[in-house]
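Protein chains: 2
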Amino acid sequence: MKDSCEPCELSATEALHRIAAGKLTSMAWVESCWDRIAAREPDVQAWSYLNPDAVTQTAARTDQRHGPSIPVGVKDIIDVCGMPTMMGTDFHDPVPVSREGGSVAIMREAGCLFMGKTVTTELGHRHPGPTRNPHNLAHTPGGSSSGSAAAVADFMVPLCLGTQTTASVIRPAAFCGIVGYKPTYGDFDKSGILANAPTMDTLGIMARTIDDVGLLRAILLEETPQAIADMALSDVKFGLLNVPPWNTAEPETRRVIEALADDLAGAGARQVDVAIGDQVTRLIELHRLISGYEFGRSIAYERTRHLDELSAVLREGRLADGREVDSRRYPDLIREAAFLRASLAKAFTGVDILVSPSAAGPAPASLESTGDAAFSAAWSLAGNPVITLPLFQATDTAMPIGCQLIAGFGEDEKLLNVSQAIMTRFQS
Amino acid sequence: MKDSCEPCELSATEALHRIAAGKLTSMAWVESCWDRIAAREPDVQAWSYLNPDAVTQTAARTDQRHGPSIPVGVKDIIDVCGMPTMMGTDFHDPVPVSREGGSVAIMREAGCLFMGKTVTTELGHRHPGPTRNPHNLAHTPGGSSSGSAAAVADFMVPLCLGTQTTASVIRPAAFCGIVGYKPTYGDFDKSGILANAPTMDTLGIMARTIDDVGLLRAILLEETPQAIADMALSDVKFGLLNVPPWNTAEPETRRVIEALADDLAGAGARQVDVAIGDQVTRLIELHRLISGYEFGRSIAYERTRHLDELSAVLREGRLADGREVDSRRYPDLIREAAFLRASLAKAFTGVDILVSPSAAGPAPASLESTGDAAFSAAWSLAGNPVITLPLFQATDTAMPIGCQLIAGFGEDEKLLNVSQAIMTRFQS
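As you go down the protein sequences, you meet chains A and B in turn.
Going by the working numbering, 362 is the number at position 362 of the first sequence; the sequence numbering is gapless.
Going by the working numbering, 158 is the number at position 158 of the second sequence; the sequence numbering is gapless.
Calculated from the structure, these hints are not laboratory results.
In this text, all values refer to a predicted model and were calculated from it rather than measured experimentally.
Do not rely on the hints blindly, as some may be mistaken.
Identical chains share a label here; the pair holds if one copy fits it or two copies do between them.
[Stated by the list, open to error] Below, in silico cross-link-like pairs of lysine to any residue (SDA-like), each with a Cα-Cα straight-line distance of 25 Å or less:
(1) Lys-346 / Arg-282
(2) Lys-237 / Gly-268
(3) Lys-237 / Glu-411
(4) Lys-414 / Ala-338
(5) Lys-346 / Leu-50
Next comes chain A alone, as it looks inside the complex (with noise of 0.2 Å):
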């Protein structure tokens, strides 16, 4: 990247490095990020929540000669001391926190600074927040983590936490031009986040780039940040996951995912045959009435309190597939869960990454819906490692078109270090 760029624009891990060579000052990169969300939001509206204190906590933070700050922005559900938790509804208390989630203690001890909250969608759920999309303010940025992905691809801060339960991180890191990644399921804590679906719900991370992605991986592992190495890609074994939904996507995006594979096969990576389409379509179809089961429960003060406040797509959508399962049919849906995973890691143990599409297409032009979830709600339940990588655009709109990568169980570093060879080949 340029010299001359805005601190705002660098990613976390090249600010950093800014910053320890003396090139740079912690002030000087939080006052940028937060001259840009000034500039932006009336048009972006990524946020639901800005932190009036943050130049003067950075100040602070300076002076104690603690290290550099970090600023991030977190998803509007995850809980921050002194921040009010609105979960993108106006009927909850706007008291501020004074006991924050587990995860964003831990960043917190790291030297993130919580620039404030970002929109979601309503409890999480489809009914969309005011975010638009950076790329073109007329198309949705997806949902439900839509601020998050909004604030990173409009500069506005390096890195933001967003969560997923069906495809949350993975559509609007999509439909906005970043990167998303949602960690094997139980990698970071969740404590202090609005549950959607526990047995899928997981917190992921927003950024533009892989290091991005490795260095607040690191941070909330408490683990020691190391540079992601290029995975060379004549030792990567790849599957392409032309299975349903496969055929649901628009004609541009199979062939942008079809030009991946062929690159891949180009830089030496050999593709591999994976049957997994049953698999797949089986747990897309438990996802939903597990998800619809415990969304029912998890939001039961919103259900029984204010019913009639509820969007009529969070009410005949989710709440209506939960009602289709009972206390009796839940374990034996558990149990085939638990069944798939099991034969999807047997399957794994012959492919190191599958390429699929993120979402059906690019951003919709719409901000009436945060779009298609099909492409990630198998992997949600199956609680696999994806990312997904900014490679290409649509031709008509130059919306971006984002690549999944999906990993076997525990491979999130492979995952990575692939995801790294593959976006410097692009690059480059």
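Dock chain B against the given chain A, drawing on the hints supplied.
Below, chain B without anything else, positioned relative to chain A:
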């Protein structure tokens, strides 16, 4: 039960029958519980917060022709609107909560009246609170759901919520001589509850009868309560779980569990051999590692801000265990636990119920420790439903000795039906 007893001595099921028959009013029931609390709380110290509006809330509901109010207590790591959540510490902000847990909201909707919050150990771990065992005030009530077990045992309320990560429902219920029930993992919603180790944290029920367990279970599942039928013991296949930690149980505890097995066989139940010793041993070790790792993240807020205010047993116990695990080892442990769950599912195809001690012995004569957890840890991680029944008492001290029954994953109805048959047999 004799007609002349105080209403607070009734099971909830019996009280509701009397209310339906016009022989008891909600107000008389709630006032009787309230009076019992007032009389006994100085000795037992089961409550960390008492709802000053309990009686007037009952009157208001009665005026509005709602159904009856069911007086209950809630472990003080669970959020209840209008009450503080202190989690067994003195440094949390005692601000009334404005959004409550999903299970609490569901119970409120069904007519439960929250009498207050019950004492928990520090953050749900081992450092004890002030609660004493109602059977002998010099003995521990067990933990971490100490106040919930003591309040139910002492007839202050018929039902309480507890939670179990290791043994925190089964052990205090056994020590206090009541029924404690941990359902199949995931059966009850656990939003709004302090996380300890999400892979095994489970909401459970403290009661004095199986019917009351069934009543609150139905409420939590939003299903219609039905009487719990006895399962014919001649149809039951059971196993005696005399594998480690069996050898660490006190001789009298081993004798009474063997006596229960003999009695079941005498009633026509068929005893079968179940060879799962290796799985149980490994699950206990996996429980130690996984719960330690997850606990360190779940309480990151307290660990990063209040470390000096935490007890030595917390810092040197579970937190230290967690440091044996890192992010590379953790998914391997999770995968191994899933494999063992599948292995246990196969074992349970040949047996309905396993019989085991609930703890190594009756409640120790000490208020410094909450006792040994080894007999519950495996089942907390495996996710099987378990119950402790108050069938015996120690010959020297007359302290209760609980018997633990374990059923297959999802076999909660069978567990309650067999429990009902055994309770009926022992009470007749």
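Here's how the hints hold up against the structure:
In this assembly of identical chains, the alpha carbons of Lys-346 and Arg-282 lie at most 25 Å apart whether taken from the same copy (17 Å) or from different copies (23 Å). In the homo-oligomer, the alpha carbons of Lys-237 and Gly-268 lie at most 25 Å apart inside one protomer (9 Å), although the nearest pairing across protomers, at 59 Å, exceeds that limit. For a Cα distance limit of 25 Å, the shortest separation of Lys-237 from Glu-411 inside one copy, 14 Å, qualifies, whereas the shortest one across copies, 42 Å, does not. Proximity of Lys-414 and Ala-338 under a CA criterion of 25 Å is satisfied in both settings, with 23 Å inside one chain copy and 22 Å between copies.
Neither within a single protomer nor between protomers do Lys-346 and Leu-50 lie at most 25 Å apart by alpha-carbon distance, with minima of 46 Å and 53 Å respectively.
Violation of the numbered hints given earlier is confined to hint 5; every other hint is satisfied by the structure.
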